[in-house]
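Colleague: Now for the letters of each chain:
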Amino acid sequence: MNNDRIALARLKDLLWIIFIAGMVIGLGRFIFGLGASTNMTDQLPWGLWKVFNMVAGAALATSGFIIAAIIYIFQIEKFKPVARFSIVVGFLGYGSSLTALLFDIGLPHLGWHPFVMWNPHSFLFEVFWCVSVYWSITAFELLPVITERFPFPRLTHFIHQIMLPVVILGITLSTMHHSSLGSLFMASPTRLHPLWYSLWIPPEFFISAMGAGLSTIVLLLISFSYLYRRTVNLKLLTSLVKGSAAFLALYLVIKILDFTINQKWNFVFGPDISWETYLFWIEIVLQTIIPVIIFLTPAFRKRIIGLIIGTSSAVLGLLMHRIDTGIIGYFTSAETTYIPNLSEFLLSMGILSGAGLVFFLIVERFHIFDEPGTLADGHTPAVKLWTRSETKEVFGGARLKRTLVTAVIVIPATWILFQDQATGPFKPIAQPISPYVLGIDAMRTQLRLDGDLNGNFVNFNHKQHQEDFVDEYDFEKQEESCIMCHHLNLPNDNNTQCRACHKDMLLDTPMFNAERHRNRFKTEAAFEEFKHWEEVQPTKNFKTCLECHQENMIGLAKMSEKEFSHQAPGYKHALHGSCQNCHREREGDAAEADDDSNCQFCHLPGK
Amino acid sequence: MKKTPSKKMGILTDVTKCIGCERCVEACVKKNKLPRDFFAHFKGKDGLSGNRYTAIVKTEGKESGTWRMVRRQCMHCLEPSCMAACLVGAFSINAEGAVVYDASKCIGCRYCMIACPFSIPRYQYNEVLPYIQKCKMDETCQMDDGLPACVSACPTQATIFGPRDELIKEAEKRIKSDPDLYLDHIYGREEFGGTSVMYISDIPLGETLKMPSKEKLEHIRLPSLATQSIPSLVEPWVWVTPIQFVTVGAGLAGVWIFNRKNKIAQEKIEKQSQENPQNSLNVGPIKEDNHE
Numbered sequence: 001m002n003n004d005r006i007a008l009a010r011l012k013d014l015l016w017i018i019f020i021a022g023m024v025i026g027l028g029r030f031i032f033g034l035g036a037s038t039n040m041t042d043q044l045p046w047g048l049w050k051v052f053n054m055v056a057g058a059a060l061a062t063s064g065f066i067i068a069a070i071i072y073i074f075q076i077e078k079f080k081p082v083a084r085f086s087i088v089v090g091f092l093g094y095g096s097s098l099t100a101l102l103f104d105i106g107l108p109h110l111g112w113h114p115f116v117m118w119n120p121h122s123f124l125f126e127v128f129w130c131v132s133v134y135w136s137i138t139a140f141e142l143l144p145v146i147t148e149r150f151p152f153p154r155l156t157h158f159i160h161q162i163m164l165p166v167v168i169l170g171i172t173l174s175t176m177h178h179s180s181l182g183s184l185f186m187a188s189p190t191r192l193h194p195l196w197y198s199l200w201i202p203p204e205f206f207i208s209a210m211g212a213g214l215s216t217i218v219l220l221l222i223s224f225s226y227l228y229r230r231t232v233n234l235k236l237l238t239s240l241v242k243g244s245a246a247f248l249a250l251y252l253v254i255k256i257l258d259f260t261i262n263q264k265w266n267f268v269f270g271p272d273i274s275w276e277t278y279l280f281w282i283e284i285v286l287q288t289i290i291p292v293i294i295f296l297t298p299a300f301r302k303r304i305i306g307l308i309i310g311t312s313s314a315v316l317g318l319l320m321h322r323i324d325t326g327i328i329g330y331f332t333s334a335e336t337t338y339i340p341n342l343s344e345f346l347l348s349m350g351i352l353s354g355a356g357l358v359f360f361l362i363v364e365r366f367h368i369f370d371e372p373g374t375l376a377d378g379h380t381p382a383v384k385l386w387t388r389s390e391t392k393e394v395f396g397g398a399r400l401k402r403t404l405v406t407a408v409i410v411i412p413a414t415w416i417l418f419q420d421q422a423t424g425p426f427k428p429i430a431q432p433i434s435p436y437v438l439g440i441d442a443m444r445t446q447l448r449l450d451g452d453l454n455g456n457f458v459n460f461n462h463k464q465h466q467e468d469f470v471d472e473y474d475f476e477k478q479e480e481s482c483i484m485c486h487h488l489n490l491p492n493d494n495n496t497q498c499r500a501c502h503k504d505m506l507l508d509t510p511m512f513n514a515e516r517h518r519n520r521f522k523t524e525a526a527f528e529e530f531k532h533w534e535e536v537q538p539t540k541n542f543k544t545c546l547e548c549h550q551e552n553m554i555g556l557a558k559m560s561e562k563e564f565s566h567q568a569p570g571y572k573h574a575l576h577g578s579c580q581n582c583h584r585e586r587e588g589d590a591a592e593a594d595d596d597s598n599c600q601f602c603h604l605p606g607k
Numbered sequence: 001m002k003k004t005p006s007k008k009m010g011i012l013t014d015v016t017k018c019i020g021c022e023r024c025v026e027a028c029v030k031k032n033k034l035p036r037d038f039f040a041h042f043k044g045k046d047g048l049s050g051n052r053y054t055a056i057v058k059t060e061g062k063e064s065g066t067w068r069m070v071r072r073q074c075m076h077c078l079e080p081s082c083m084a085a086c087l088v089g090a091f092s093i094n095a096e097g098a099v100v101y102d103a104s105k106c107i108g109c110r111y112c113m114i115a116c117p118f119s120i121p122r123y124q125y126n127e128v129l130p131y132i133q134k135c136k137m138d139e140t141c142q143m144d145d146g147l148p149a150c151v152s153a154c155p156t157q158a159t160i161f162g163p164r165d166e167l168i169k170e171a172e173k174r175i176k177s178d179p180d181l182y183l184d185h186i187y188g189r190e191e192f193g194g195t196s197v198m199y200i201s202d203i204p205l206g207e208t209l210k211m212p213s214k215e216k217l218e219h220i221r222l223p224s225l226a227t228q229s230i231p232s233l234v235e236p237w238v239w240v241t242p243i244q245f246v247t248v249g250a251g252l253a254g255v256w257i258f259n260r261k262n263k264i265a266q267e268k269i270e271k272q273s274q275e276n277p278q279n280s281l282n283v284g285p286i287k288e289d290n291h292e
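Protein chains in written order, with the working numbering: chain A, 1 to 607; chain B, 1 to 292.
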């Protein structure tokens, strides 16, 4: 007994640490926003909190409604000993799911909107309603467990009186939202991988959730018995896992029918094999094949270790299935991946740890297994009433001290350690240009540009250009002027030669300082000849520039490796915007299409 | 093209005419007063982000080394998936056919981002109170000439604005006039139930626009999406829910009454014969449950 108590105390300490750290992350998320604390992107907007905590978490908490259906509707009294346990699991499972949602949605203070703003066409609308109402129902089902320890016999009696319609409503809502949780992903037929996308998702989600829910409660019962040194009612667990096996096998049959009727076997056995295929195989083996074999073989299912392996495999398989459907199946079409960062994991686990702590409080303080009286007997509350010393035990004393000490250590530690991820402000990742520039000089006076990406870099006096343009256009802020120059939007930057803008040698603009050139050439005739090159050999222009501007030229060989890796990228990054500005200023005068103030002058369609 | 208010409006982009100058992007940024774009972290290859409603995507042409510029923006579907998906109904179609977003309803669940087949809605991840951002195509981006800012800014008229049916006629006319240049396909005419923003091109745009070709749809076993919208594809399941609510609820109540009667009858027999029969059912009833 003592040994296990120590294990339990250690587990509780661990849960407190994770819970407090998770809540610190949660605070950071509310202060600094989602961008700071998560790795979600525009392509993969649903992350760990929604898919793991919400979609998978709700699926694992199905035991509440299955056991309720068996006991209340089918009136099989055999499962009565786990009735309250399964309600607690359902209540905490759904509670933690909804808590995770609170952190996940962008505007949690508007979370009540779906109650008043309806869109019955939305699957999420239905999920939201069902889940929140069902959670209230589990709370209601749990209520007599709490009230029977307090001196409100009439209230307890009243709750029992109206329990049946509430239970029926709860079961109905459960059948609805478990299929709808799957329907959510039916909205993206072209984005979700066909291994997981199907118009059969609703029944698949519903059946697999029930199978895994029964496995979850068996796994929890075994761990609970270990922690509290209680004997395991193997007979009961065996019947539960047989039920689980039935659902899991049914799920496998549905999946096989789905693949056969919709002709999708090519994704499983070839020829359309991708990395998703291997993932799918691992998932389906864990989710159905291992548990079904173990649960249907008496030699395995009658041993605790067999039950542990089988149920863990079913739970793990379900988690994989939900995460594959909700996140990983989108990777290929999104052309990006999502790996949750540490703070996402911590908050996710923190919420579950909080649920675990409430679970321990309920099982230790209330009659979860030794239910007093039965429904048929009309309740004889042979329970000890809650005493004041018990309040002290729960909320004060050694536990409180321990928790406070943990909090004092964990809160600042988490806050400091997660400055980069959640407890610090969002740090935008700059456009690719800055990391390239910083390596050479932080003041950005001199850059090396390879405008046409031919491997030859030129010295580019960024400072000079900045001064030219900033003075010229008199922008209010230096910052603004940089935006004007640096390109607005460069998803796939391309190469633009210097000459694309500098070719205009007839005008004295910042693009081409004609005055400076004129002075260089000394005589007007030489300058005219220089200008003439443009007309004669437009394509060779760059080369002709280099005849004079040799000093701007840096060969690749002359550059150190570090310098090379810090090259500023294409010319377009830096100057394209200002070319346009200058050229466009004269646009009003230009009527002809081949005037250089028109974009078409330089840009030709399809070149 | 002049606008007639009652008609469904649209935008037709002729990829062969686009020179990639990004003046549409600039016009959009200025008109909507969008802040500086630093979301390299969040955005994908298409360049759209919480601060950019439109962007130019460089797409390789028929021969390697040749390029086409494709403007990406909200497609303004005729039957938008985002509108069906949003649980608070924040999306709606206005009189001109534009899919508009009502920020005052949004709770930030980001389901529209999952539901949009073109992956258009973007999120302000950097904000503490973030909202969905996407191309508006409504009066907020109208210039003095009655055109959206992006269309008004286009120097080559590669992107034009007008009633959707007239745009289709115009696209057909252009394709007919130069069948050697254009592919005989108007992107957005029928895909996903039709979109208000359409494209004609000389190179396949399926990948860039995320409009899978017929072969691709056949490959993922959903050929109907070539003409069918996503909301109508999943529509049957929407109606399952209320039916399920009634039938499952009634079924459960029926089973309870049936079992209750049986039990009372059994108890009577028990009393009479003083027997104590064992309940031998174990997993049977659970199986029965899954038929519902």
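Hints in this document: simulated from the structure, not taken from any laboratory. Any given hint might turn out to be false.
[Unchecked claim] Taking lysine-lysine and the DSSO-like style, the derived pairs with C-alpha atoms no more than 30 Å apart in a straight line are:
id: 1; chain 1: B; residue 1: K30; chain 2: B; residue 2: K105
id: 2; chain 1: B; residue 1: K176; chain 2: B; residue 2: K8
id: 3; chain 1: B; residue 1: K31; chain 2: B; residue 2: K210
id: 4; chain 1: A; residue 1: K427; chain 2: B; residue 2: K58
id: 5; chain 1: A; residue 1: K264; chain 2: B; residue 2: K210
id: 6; chain 1: B; residue 1: K216; chain 2: A; residue 2: K235
id: 7; chain 1: B; residue 1: K17; chain 2: A; residue 2: K80
id: 8; chain 1: A; residue 1: K384; chain 2: A; residue 2: K302
id: 9; chain 1: A; residue 1: K384; chain 2: A; residue 2: K427
id: 10; chain 1: B; residue 1: K261; chain 2: A; residue 2: K242
id: 11; chain 1: B; residue 1: K30; chain 2: B; residue 2: K17
id: 12; chain 1: B; residue 1: K216; chain 2: B; residue 2: K176
id: 13; chain 1: B; residue 1: K105; chain 2: A; residue 2: K264
id: 14; chain 1: B; residue 1: K33; chain 2: A; residue 2: K78
id: 15; chain 1: A; residue 1: K78; chain 2: B; residue 2: K176
id: 16; chain 1: B; residue 1: K268; chain 2: A; residue 2: K78
id: 17; chain 1: A; residue 1: K427; chain 2: B; residue 2: K263
id: 18; chain 1: A; residue 1: K78; chain 2: B; residue 2: K271
id: 19; chain 1: A; residue 1: K235; chain 2: B; residue 2: K8
id: 20; chain 1: A; residue 1: K427; chain 2: B; residue 2: K216
id: 21; chain 1: B; residue 1: K261; chain 2: A; residue 2: K80
id: 22; chain 1: A; residue 1: K302; chain 2: A; residue 2: K242
id: 23; chain 1: B; residue 1: K33; chain 2: A; residue 2: K427
id: 24; chain 1: A; residue 1: K242; chain 2: B; residue 2: K263
id: 25; chain 1: A; residue 1: K264; chain 2: B; residue 2: K214
id: 26; chain 1: B; residue 1: K58; chain 2: A; residue 2: K80
id: 27; chain 1: A; residue 1: K80; chain 2: B; residue 2: K268
id: 28; chain 1: A; residue 1: K235; chain 2: B; residue 2: K30
id: 29; chain 1: A; residue 1: K427; chain 2: B; residue 2: K268
Colleague: Evaluate each hint against the coordinates.
Modeller: These are the hints, each one checked on the structure:
1. B:K30 / B:K105: holds, 26 Å
2. B:K176 / B:K8: At roughly 24 Å apart (the allowed maximum being 30 Å), B:K8 and B:K176 satisfy the hint.
3. B:K31 / B:K210: The given pair, whose Cα atoms are some 27 Å apart, holds under the 30 Å limit.
4. A:K427 / B:K58: Holds, because 28 Å separates the two Cα atoms, which is no more than 30 Å.
5. A:K264 / B:K210: Cα-Cα ~22 Å, so holds.
6. B:K216 / A:K235: Distance ~52 Å between B:K216 and A:K235 Cα, so the pair is violated.
7. B:K17 / A:K80: It is violated: about 73 Å lies between the C-alpha atoms, which goes past 30 Å.
8. A:K384 / A:K302: violated, 36 Å
9. A:K384 / A:K427: violated, 56 Å
10. B:K261 / A:K242: holds, 28 Å
11. B:K30 / B:K17: Satisfied, since the Cα-Cα distance of roughly 23 Å is no more than 30 Å.
12. B:K216 / B:K176: holds, 26 Å
13. B:K105 / A:K264: violated, 40 Å
14. B:K33 / A:K78: Not OK: B:K33 and A:K78 at ~67 Å, beyond 30 Å, violated.
15. A:K78 / B:K176: violated, 76 Å
16. B:K268 / A:K78: holds, 21 Å
17. A:K427 / B:K263: Roughly 66 Å between the alpha carbons, so the hint for A:K427 and B:K263 is violated.
18. A:K78 / B:K271: Given that 30 Å is the threshold and the Cα spacing comes to 21 Å, the pair holds.
19. A:K235 / B:K8: violated, 67 Å
20. A:K427 / B:K216: violated, 39 Å
21. B:K261 / A:K80: The hint holds at about 20 Å.
22. A:K302 / A:K242: The hint holds at about 11 Å.
23. B:K33 / A:K427: Judged against 30 Å, a Cα distance of about 22 Å means the pair holds.
24. A:K242 / B:K263: holds, 25 Å
25. A:K264 / B:K214: Given pair A:K264, B:K214 holds - Cα atoms ~17 Å apart, limit 30 Å.
26. B:K58 / A:K80: violated, 65 Å
27. A:K80 / B:K268: Roughly 23 Å separates the two Cα atoms, so the pair holds.
28. A:K235 / B:K30: violated, 71 Å
29. A:K427 / B:K268: It is violated: about 74 Å lies between the C-alpha atoms, which goes past 30 Å.
Checked against the numbered hints above, the structure breaks hints 6, 7, 8, 9, 13, 14, 15, 17, 19, 20, 26, 28, 29 and satisfies the rest.
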